[in-house]
Every structure is written in C-alpha cells, then in structure tokens.
Amino acid sequence: MIEANHIIKSFDEKIILKDISAVFDPGKTNLIIGRSGSGKTVFMKNLIGLLKPDSGQILYNGRDIISMNKKELKMLRREMGMLFQGSALFDSMTVLENVMFPLIMFSDDNYKDKQKRAMFCLERVNLKDAGDLYPVEISGGMMKRSAIARAIALNPRYLFCDEPNSGLDPKTALLIDDLIHDITRDYNMTTVINTHDMNSVMNIGEKIVFINEGEKAWEGNKEEIMTSSNIALNDFVFASDLFKRVKEVENFINGEG
Amino acid sequence: MRALQDLGEYTILMSKAIAVPERWSVFFKQTAKETFKLGVDSLWIVIFISVFIGSVLTIQVSLNIQSPMIPEFTVGYITRETILLEFSSTIMCLILAGKVGSNIASELGTMRVTEQIDALEIMGVNSAGYLILPKLIAFMAFIPILVILSMFFGFCGGYIIAYVTDMITVAKYEYGLRYWFNPFYVWYSMIKSVIFAFIIASVSSYFGYNVKGGALQVGKASTNSVVMSSVMVLLFDLILTQLMLAK
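These protein sequence lines map, in sequence, to chains A and B. Our numbering numbers the first residue of the first sequence as 1 and each following residue consecutively. Our numbering numbers the first residue of the second sequence as 1 and each following residue consecutively.
Honestly, I wouldn't trust all of these hints.
Sample of chain A residues lacking proximity to chain B, with all beta carbon distances greater than 12 Å (derived) [what the hints assert, rightly or not]:
{"id": "1", "residue": "Asp19"}
{"id": "2", "residue": "Ser21"}
{"id": "3", "residue": "Leu50"}
{"id": "4", "residue": "Lys222"}
In silico lysine-lysine, DSSO-like type, Cα no more than 30 Å apart, as pairs [as the list claims (entries may be wrong)]:
{"id": "5", "chain 1": "A", "residue 1": "Lys14", "chain 2": "B", "residue 2": "Lys212"}
{"id": "6", "chain 1": "A", "residue 1": "Lys114", "chain 2": "B", "residue 2": "Lys33"}
{"id": "7", "chain 1": "A", "residue 1": "Lys45", "chain 2": "A", "residue 2": "Lys18"}
Quick caveat, the hints were computed from the structure, so don't treat them as lab data. Positions of the beta carbon are idealized from the N, C-alpha and C atoms, including for glycine.
With the sequences and hints as input, model every part of the structure.
Printed below as a string of structure tokens:
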C-alpha cells in the first residue's frame, strides 16, 4: 500500500500540488487522472521519489520515502517497476537484454537463471519471439510490452505507469491496459497509473484519483465516475462526444432525458 | 553566477560518477564497449590526420628555412618537436573533442530526453556511475595509445615527403628526428593527453547528462560540449606547459 499524506509541491513559488492525500491499494489498478498540466505527473514523480515534496509524507507500507537515506531509497527502488510514457528502453540493448538488465544489476542468480526469468517475463507479455530485436525494430505497442516485462523482471511490489497508452491505437491500448491489470492482480502489486485516457479509466479504473488544478477533486471507481456530480470531473469525463452520448443514453434509460 | 552554478553541478555530477561500481562485471563490460566506441573507432581519423599533418609540416618547414645558415636536418628536428610537444597531444585532443565529445553529449542527452536515465534511477542504479565512469576510464586509458600512434604516423608523414620529394634527404630527416631527443617530451605529451581526455569526457558528459527539453536541446548540448571542452583543453595546455616545462 502507498499512502500520500498532505503533499505540497511548488516550483519557483508557484504551487503545483496543493495538499494532496491519497491511498493506493495493493492488488488494484489505481489511476491518477486529470487534464494536462493538472499536476498528476508532478504527483507521480513525488510518489516515486524523483521529486521531493515541500511538505507531506509518502509511505510505502509505512516507510516514509522522503525521510529515507540514499541506501534505504536504493533498496526501496528495487521494489519498484516503472513503465515510462516513451517506454525508455535502452537503445543499445536488445529486448531480451533490456529485460535482463535489472536482473544483471541486482540479482545474485546465475546467468542462465536470469535469462530464464527474462524469457518468462517476455512470454508473460506475449513477446517471446522478440528477444533478439532492438527497440528501433519493434512497434510502439511491443515497446510498451517490453517495458512492462522489464518493469516486472525483479517481481516488484509497486508498479508505476506514466501514460501507458499514449501513442497507441485503441485496440493496442486496451491490450496494454488488460496486461497491466492482469499482472497487478496476479502478483498482488500496488499499481499506480497516470492517464487521461477515458477508455483506460472505464476499462481498469478500480480506484481513481482525479486531480484538478493541483488539488484532489474527486476519488472513486469506474462505476461511480459516470454518476458523479463533481463539475470539474464531469467537464473532464464528458469532454469527448462519445462519453457525452453515453451520458445521454444513460439519462434516457434512467428516464431523466 | 551561472558559471559558478555550472561548476558546482559539474563537481556534484563527477562525485556521483566517480564511485565504486555496483557490479564490477557490468563496469568492465561497459568500459570495454566504451574503449571500442571512443578509442578504437578514433584510430583511423588519428592516423589519417597525423600522416597528413606530418607531411604538411615537413613541407612547410622545408620551404621556410631554405638558408645555407640552417642545417637541413632542422626540418626533421622541428617536425619532431612540433609533433611531440603540441600536435599529438593538444591538437589531436581538440580534434577528438569534436568527435568524442559530441558523441558522448548527444548519446547522454538523447538518453535523458527519452527518459532512459530516469529509468536507471528508478531501478536504483547510480546512472552517473553506470554511464559516465566507463567513458572516463576508457578514454583516459586509450588516449596514450592514440598519442603514440599519432606521433609515429606524424613522423611517417614527414618520412614519406623526404622519400618522394627532393626537399630533404631521408638520412637528414632521420638525423633531425633523433637529434637532441628529450624522452621527457613523450611523457609530457602523454600526461597532458590523459588530463585532456578527462576534460573532454567529463565536460561532454556534464552537458549531455543535464539536457532538458528535446532534440534541439540535445544538439545545443552537443555543440556547447565541444566548445567548452576545446576552451578547457587550451586553458589546461597553457597551465600544464607552464607547470611541466617552464624552468
């Protein structure tokens, strides 16, 4: 479980995060949603320790990341996996070498076992035949899947995904969502996903935190999001024609239209 | 003020980079890879430039000191001194600042903007140590080989001119090369080049590692790294010459 308590963060006297508190549960896909520039990326960077908040607490199963020393932070980071927006695969390595990288750096297993584990992770994301290819030789969806395989190589307790669907077609995006969801459930990980893709929200949003102008404006799940009366959330959710229509149909069925 | 901030950030980055590697096996593998990329891949350009500069130097000296008062072997002597003292260390390092420096800055810059460095940090890897230290060690270890080769092929360039033209005889050129030889100059040149190699690799790493933005900024960092490395090489050339040769 990850707990963020009263997080405040500012840059050059401009307050970006205004006293945000949230709890992210294990075994669930926890989504942080919000408009571009709402502060969700800054919030995630604070969660993973790439940025330090001005005040507040971030607890990983009770361990405060902010007060950790270098060594403790390093140990905690070995329990984290991260899927970056652009995949962040190492260009100079093949897909298999990318997945093996965290194992080579931190696992004491012999080379054969590391290779076996990497192959298992690649199979888990349906990429067992792509091991010898370089990142430039594979598609965007395959890159995301390779990055997921790398992120889960060390069996992390916490998985972070920054815009996992950006640049993907809707079908591939759904595949990635389902994969993240299945992995989260299978390994009981605490998964935090940063997104503004409403399809993802409706597909895997087991817990949703909505951030608006640096504040937590709403919290709930995918069932509750459609019926919320929060104005800022409704502006965000029903910004697209598709979801507007869904709302109209829902209202019609409920006899409100 | 900005220069002081840069100096501070450079020092912090170097203290992060020069740390005990997390995995020695990975460090040795990376260092071998960098040795090939930064050193072995520079062999041809070093040889090519050295042969031509050695040749041109011999022709220039020969054309400019045609006087009965100056012995003919002086051509070989001046060629040797110029190559030993300045060309093979300083000028060659300025050329390598362009090739190696831009390579390092653009590689690290691209890794930064594509979040590959962030990925290393999230994994708990000391990204500066993993990426920069092997480059420093590899380039500093290989540069004396490049300097020695540059000296040898520079002399060969002059030899070719002596052999194919009648500007100077081969025997007098060879005599000039051996005349009043001070072996310390070879050491001086190698010591200088090792320091220059550190400057080129570390300054370029600093500019590449700290890129913020996109492709445009990566290009800018690459250019800035070459300019700053060259300026620092010249500045340290002055300081080291004063320290090591001035009586």
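Evaluation of the provided hints:
1. Every Cβ of chain B is farther than 12 Å from the Cβ of Asp19/A; the closest lies at roughly 26 Å, confirming the non-interface assignment.
2. Once the 12 Å rule is applied to beta carbons, Ser21/A is consistent with being away from chain B; the minimum gap is 23 Å.
3. Listed as a non-interface residue, Leu50/A fails to keep its Cβ farther than 12 Å from every Cβ of chain B; the least gap is roughly 7 Å.
4. Listed as outside the interface, Lys222/A is consistent with that label: its C-beta sits roughly 28 Å from the nearest C-beta of chain B, beyond the 12 Å cut-off.
5. Restraint check for Lys14/A and Lys212/B: satisfied, since their Cα atoms lie roughly 20 Å apart, inside the 30 Å limit.
6. Between the alpha carbons of Lys114/A and Lys33/B the distance comes to roughly 22 Å, so the proposed pair stays at or under 30 Å and holds.
7. A hinted pair counts as satisfied when its Cα atoms are at most 30 Å apart, and Lys45/A with Lys18/A qualifies at roughly 15 Å.
Taken one by one, the earlier hints fail for this structure only at number 3.
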